[in-house]
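In numbering that gives the first Met the number 0, the protein residues as written are 0 to 526.
FYI, nobody ran anything at the bench for these hints, they're computed from the structure.
None of the values given here were measured: they were computed from a predicted structure.
Where a beta carbon is used, it is the ideal one built from N, C-alpha and C, also for glycine.
Watch out, some of these pointers could steer you wrong.
Once the Cα atoms are required to be at most 35 Å apart in a straight line, the calculated DSBU-like pairs of lysine-lysine come out as [said to hold, decoys possible]: (1) Lys152 with Lys228; (2) Lys336 with Lys300; (3) Lys108 with Lys300; (4) Lys108 with Lys152; (5) Lys228 with Lys108.
Per label pair, the in silico range of CB-to-CB distance [to be verified]: (6) Lys300 with Ala324: 28 to 36 Å; (7) Lys228 with Gly33: 47 to 55 Å; (8) Ala40 with Ala198: 47 to 55 Å.
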Amino acid sequence: MLGRLKVLSEWLASFRGPHGAGMLHGFCLSALGGMLAAVWALLRRQRQQARAARLERAQWEEQEAYARLDVALGPGGDTRPLARRVCRAVIEASRFRRIAMLVRDAEGKLFVAGSSGMDDLTVGALQTWGVSVIRQERGLGPAGPVKALAREKIGAGSFVMPIASPDAFESVGFVSTGPLAETDCRQVIVTMLRGAGGAVLGALVVGLAADRAEKDPIAMAPLESLAVKLARTIENASLAERLLRSEKLAGLGQLAGGVAHELNNPLTAVLGFAELILQSSEDARVREDADTIIREALRMKETVESLLNFWRPVTLLDEPVAIEALLDEVARACAGKLSERGVRLVVETGEAMPSVRGNRDRLRQILEHLLNNAAQAIAAGRERRRSGDGPRAGTPEMRGTSLPRGADEGDLSPTIRITVSHDGQTMHLIVSDTGPGFREPARAFDPFYTTRQPGEGAGLGLSICYGIVREHGGEISAFNLHPHGAAVVVELPVREMKSSGATASAPKATSLRKHEGVRIDRDPGPG
0 MLGRLKVLSE WLASFRGPHG AGMLHGFCLS ALGGMLAAVW ALLRRQRQQA RAARLERAQW
60 EEQEAYARLD VALGPGGDTR PLARRVCRAV IEASRFRRIA MLVRDAEGKL FVAGSSGMDD
120 LTVGALQTWG VSVIRQERGL GPAGPVKALA REKIGAGSFV MPIASPDAFE SVGFVSTGPL
180 AETDCRQVIV TMLRGAGGAV LGALVVGLAA DRAEKDPIAM APLESLAVKL ARTIENASLA
240 ERLLRSEKLA GLGQLAGGVA HELNNPLTAV LGFAELILQS SEDARVREDA DTIIREALRM
300 KETVESLLNF WRPVTLLDEP VAIEALLDEV ARACAGKLSE RGVRLVVETG EAMPSVRGNR
360 DRLRQILEHL LNNAAQAIAA GRERRRSGDG PRAGTPEMRG TSLPRGADEG DLSPTIRITV
420 SHDGQTMHLI VSDTGPGFRE PARAFDPFYT TRQPGEGAGL GLSICYGIVR EHGGEISAFN
480 LHPHGAAVVV ELPVREMKSS GATASAPKAT SLRKHEGVRI DRDPGPG
């Protein structure tokens with residue numbers, strides 16, 4: 000102890016004199032600097048902790064806002080009201096001021112269902128990008144220039160995409176004149192909405208300003224959670240609709256089958272006695288009346304047979320059916336009627352399409368019904384535009400919505416488009432048209448539901464298609480397209496792949512066959 004005191008006293012004695020005072024002054028300054036640095040580090044740590052606490056609280060509040068968000072779809076599965084609510088919630092709860100929600104329509108294309116804070120150029124570029132994403136997913140062609148731009152991953156499942164570069168806008172045709180400065184959104188962050196199997200159902204897109212490049216992965220976490228919630232909602236709504244339709248049509252089918260059986264016997268008696276009257280009577284008026292009875296009874300018999308076919312289980316032939324060849328065959332057979340109506344037929348398929356197993360004649364019947372229904376819808380829409388009337392009773396089966404605001408003859412060129420793709424397990428066949436759309440898509444496959452005039456059909460065409468698709472273990476759905484048109488989506492299980500050495504590459508645009516007034520194209524689309 001005494002030794003330590005002696006050392007301390009000697010150390011203090013060393014500071015005596017001018018030289019020692021300077022050393023002591025320097026030591027004090029060093030100590031003061033160290034104290035200030037420690038205080039600065041403490042304040043900095045406190046600021047960081049406070050900032051982290053604010054961010055955590057903001058994230059929690061954002062998550063709470065998204066949890067309270069009503070994610071119910073609109074009438075008939077319409078996603079546009081949901082998209083508007085989502086955009087409004089993101090603007091109010093997050094740091095982002097530009098948001099768009101893309102969803103998948105019946106044709107499989109992503110379209111902007113709702114947006115907030117984004118200019119028209121950005122929305123237009125997103126529309127083109129949405130089309131290109133699905134085309135690449137189906138193997139129908141390259142994804143296009145916007146998709147091809149370099150992307151930077153951010154967060155758990157998002158990526159940054161430049162969207163306002165000169166190459167991006169000029170190559171997709173959105174800037175023909177004027178400066179690119181019209182848009183202040185140079186980059187977007189994309190969060191995909193994916194189903195349980197990984198299929199793309201939509202996307203949430205937030206825009207980054209030209210003078211800001213905030214790409215905080217932490218800020219994307221609530222948005223990615225919202226994307227998962229939205230994807231689950233859309234997928235569950237689709238499954239629930241299919242289940243409800245299946246149960247409803249199963250009950251209707253049994254009822255229709257029972258009614259058909261009860262009508263068959265008295266109808267046979269009516270036909271028999273009418274033929275007997277026709278053969279035995281010499282009165283011209285009686286013979287004319289008997290002939291009318293026979294004609295109308297035969298028409299009713301056809302309806303009864305259609306009901307029986309809808310309800311009665313059918314033993315399917317187990318044969319491979321090449322959908323591409325069947326499409327070409329049906330197109331040739333329907334070319335004359337389509338030509339008379341001035342309708343253009345476009346067929347889109349990828350390379351090396353697989354076959355499905357089933358009854359070729361029954362599958363052909365589906366295609367014929369769908370093409371005929373689409374052609375009638377186009378004709379009705381064209382007639383309505385000429386007359387300037389609103390929805391009329393004589394529209395084709397289940398059709399009857401009014402035209403969208405601003406639509407004209409040029410917007411609705413008479414076209415039927417057939418798109419065929421597959422994901423290795425399911426064949427997707429989409430028949431779309433530029434008609435006025437379905438009045439009630441949810442009732443499209445109900446037996447006897449029709450908006451036609453009496454005598455123009457019994458309303459069983461799509462019901463028969465539903466029964467045939469179910470026989471093959473598939474699904475069929477009807478949708479209205481945005482902004483106009485309608486589509487019927489047929490999904491059939493793939494059970495046997497074609498043995499072909501061809502690789503799935505982007506097909507070339509070639510014309511399969513041409514007829515007067517109708518054109519059948521093998522069209523891979525833009526890009």
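Against the structure, the hints come out as follows:
Distance check on the hinted pair: Lys152 and Lys228 sit about 21 Å apart at the alpha-carbon level, within 35 Å; holds. Pair hint Lys336 plus Lys300 holds up; C-alpha atoms about 26 Å apart against a cutoff of 35 Å. Between Lys108 and Lys300, the direct Cα distance comes to roughly 42 Å. Violation of the 35 Å bound is thereby established for this hinted pair. With a C-alpha separation of about 23 Å, the suggested pairing of Lys108 with Lys152 holds against the 35 Å cut-off.
Between Lys228 and Lys108 the CA atoms are separated by roughly 21 Å; this keeps the pair inside 35 Å, and the hint holds. A beta carbon spacing of about 34 Å between Lys300 and Ala324 agrees with the range 28 to 36 Å that was offered as a hint. The hinted window of 47 to 55 Å between Lys228 and Gly33 holds, with their beta carbons roughly 52 Å apart. Against the hinted window of 47 to 55 Å, the Cβ-Cβ separation of Ala40 and Ala198 comes to about 51 Å, which satisfies the hint.
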